[in-house]
Amino acid sequence: MSAYAAEGQVPVIELRHVDKHFGDLHVLKDICLSVQRGEVVVIIGPSGSGKSTLCRTINRMETIDAGEILIDGVPLPEEGKDLAKLRAQIGMVFQSFNLFAHMNILENVTLGPTDVLKRPRKEAREEAMQLLKRVGVESQAHKVPAQLSGGQQQRVAIARSLAMHPKAILFDEPTSALDPEMIGEVLEVMTELAQEGMTMLVVTHEMNFARRVADRVIFMDDGSIVEEGTPEAFFENPQTERARNFLNSIKNH
Amino acid sequence: MQALLTTWKLTAVAFAIAFVLGVLITVMRVSPLKPLRFFGDFYVQIFRNIPGACLLIILVYAFPYLDIIWSYFTCVLIAASLIPAAFCSEYLMTGINAIPVGQIEAARSIGMTFAQMIRKIVVPQALRSSVLPLTNLLVATMLTTALASQVPLRPADLTGLVAHINTHAVGGVTAFFISAMLYCATAVVIGQIGNLIDKKVRILR
Amino acid sequence: MRDARTNIRDALYEAPGPRTRRLTAVGTALTLAALVVLIALVIRRFYEAGQLDSKYWALFAKYTTWRYIGKGLVGTVEAALMAGTLTFALGFTYMLLRISRLKAARAVGTALVEFTRGVPTLLFIYFFFLVVPQLGIKLSAFLKITLPVAISASGVVAEVLRSGVNAVPNGQREAAYSLGMRERSVFLKVVFPQAFRIVIPAMISELVIVLKDTTFAYVVSFPDLMQNAKVLISNYDSLLAVYLVVAVIYILINYLLNKASDFMARRRNQVKGAAAV
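Residue numbers (the numbering used here), protein chains in the order written: chain A, 1 to 253; chain B, 1001 to 1205; chain C, 2001 to 2277.
The hints are simulated quantities; they were obtained by calculation from the structure and are not laboratory data.
The beta-carbon is built from N, C-alpha and C at its ideal position, and this holds for glycine as well.
One should not assume that every hint holds.
As the list claims (entries may be wrong) - Between beta-carbon pairs, the in silico distance windows are:
(1) K2062/C - R1202/B: 50 to 58 Å
(2) Q239/A - R2197/C: 54 to 62 Å
(3) A1098/B - Y2013/C: 16 to 24 Å
(4) K2062/C - P1064/B: 46 to 54 Å
(5) D2237/C - T1074/B: 19 to 27 Å
(6) S2221/C - V1013/B: 29 to 37 Å
(7) N2269/C - P120/A: 26 to 34 Å
Stated by the list, open to error - Stretches of chain C that chain B covers, calculated by requiring three or more beta carbons in the stretch to come under 8 Å of a beta carbon on chain B:
(8) 2110–2123
(9) 2181–2189
(10) 2233–2246
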């Protein structure tokens, strides 16, 4: 943290000593983390390590018990319009896509811009079509979500996030619910986004994606950040026993 | 014909009241306020389980003892709306419960306020998946309005008219069949329209 | 890692911030007060109309009153069970017609279902009460109430049964045929037993509707709960009290039946869930 502060930059996302419990379960233990503008941070770790919960606390899909979360240096509001406004600036892509089932693809992408950002409908539609083109599903614009494959749905979900012009996008295991042959097309879109300089926080099990795209890899286990570093350093030369065990266990797959 | 119109009128008005009341009760049942939830649940359990005849008799014969006197028409209307309102709320609750939690989270994640989320996501989805149950409810409401035959109503409703004809004249078989056909035709038409709407708005999941 | 907020009622609301918590607390207090006032108003209305007077309620302290109510209840239950059984038989027949391979049989089945579903119970009751005697057929009061109630519910039951048959996976049928079973035994031994199990909850709910319809028994003077209530009233002159108690009895019975239906549905889902794991 202090290193960045010295550079005089305010991180887009910053967590300070965040703690969270689910009942007796201590799911987040004193988490400190910051994501700089344009940075791609990938969080990996065994299931149940709290990585998904961590991701969800950042736009308050989950509440925290202690600590602070700052977006662009401003504390995350607890409720009401302020919270909604802030969420509009942070995109989120879910494991289960969560496209609005009663709207067609185009409406899914324009809903945020027209209703939350109050932009003119026509303008929003035009941009939405461009975004759909960019993620490669423009031909599906007038279908409903259930008619699309999982991979297509997830790409639409990414377009829906992008339409809000977010400062950063949170990816909560975006490929975990997908059939293997569709994982690639989603990762491809995410890779392009990263190359264009989007600030991203990605929770994933896709180690190759982490290796290729991440600026920084964070390894979580049992609610704590165990290790963090560049992909090269982490994958080639993990410092901790737990990280080595984890990497071995997935190599054996 | 007059009787058919009375039945239709009763049905339409009763269903309209039942729908509005049902929505209101549903709002109470999903509100964050425990007493309102309790009241809504209580209402539904009472009126879902009370026999129509029982309710009508209480309204017509028992309420005057509480110095509440309503016209027969009002009593029938109230009985034929309070009960469907409970079912209406049940169907709407089912519709709401069918919405995956992820839809709510997605709405939040793009910065929608609570009101926007309710208006744009929750209500449309709940309504669309309630089309068929509500169609059936409309038919059920029509059948409930036959209760009107239990009180002297002028002009009489369809069932009341048949009963009247049959008590006062012989040869009511025809009257019975004609009215049965009229009820039935109305029900089938309502059902068809419901199916049509449902096909248009059904949500694929 | 997700907390178990499967209930959408709660999922609609976020974990509250301090302002929301305050508002909720105030709102809860206000609505609670409103509810109490409402109850107080109802009680006052009873009091002012003199309906809380013990003379109206004293009859419920007597054993004979309850015995009489009990008798009526037995009448209601008998009528409901009889009507329920008839409904099932009729509904099952329509269902067989509807899944038949003969087009004509299917048409008849559909017509019967639409007809019985679209006509009010009371109209059927009047038919059996007024029209049938005109044709020179004499029926007992018991049949005069159970037959129309059964006919009126049969269409819905047929549809419920059919949905049950449809819910049995096709593979079950194919597997049975592949064992060399004949069509009749495929349906009797494989399809129907499974279909019946699927529709048990819906059948219990249907019993509630039948039970409610038997309240029209007073039209044909069959001594059910409602009819006996009338007699009690003429003996004791406490109409409001008796009808309220009767209403509560009906509501409780139906409530319990509905609970039973929910319970069966849940148990079925659990069994299914366990089998899927």
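Hint by hint, here is what the structure shows:
1. For K2062/C and R1202/B, the Cβ-Cβ distance of about 57 Å falls inside the hinted range of 50 to 58 Å, so the restraint holds.
2. As the Cβ distance of Q239/A to R2197/C is approximately 58 Å, the hint placing it in 54 to 62 Å holds.
3. Checked against the given bound of 16 to 24 Å, the beta carbons of A1098/B and Y2013/C, roughly 18 Å apart, stay inside it.
4. Distance hint for K2062/C and P1064/B: a CB-CB separation of about 26 Å, inconsistent with the stated range 46 to 54 Å.
5. Range check, D2237/C to T1074/B: about 26 Å between beta-carbon atoms, so the 19 to 27 Å window is met.
6. Remark: the range hint 29 to 37 Å for S2221/C to V1013/B is upheld by a beta-carbon distance near 32 Å.
7. Take N2269/C and P120/A: their Cβ atoms lie about 47 Å apart, and the range 26 to 34 Å is violated.
8. Requiring three or more residues with a Cβ within less than 8 Å of a Cβ of chain B, the coverage given for the segment 2110–2123 of chain C holds, as 9 such residues are present.
9. A stretch counts as covered by a chain when three or more of its residues have a beta carbon under 8 Å from one of that chain; for the segment 2181–2189 of chain C and chain B the count is 0, and the coverage is violated.
10. A count of 5 residues in the segment 2233–2246 of chain C with a Cβ less than 8 Å from any Cβ of chain B is obtained; the coverage claim is therefore met, three being the minimum.
The structure is inconsistent with the numbered hints 4, 7 and 9, although it conforms to all the rest.
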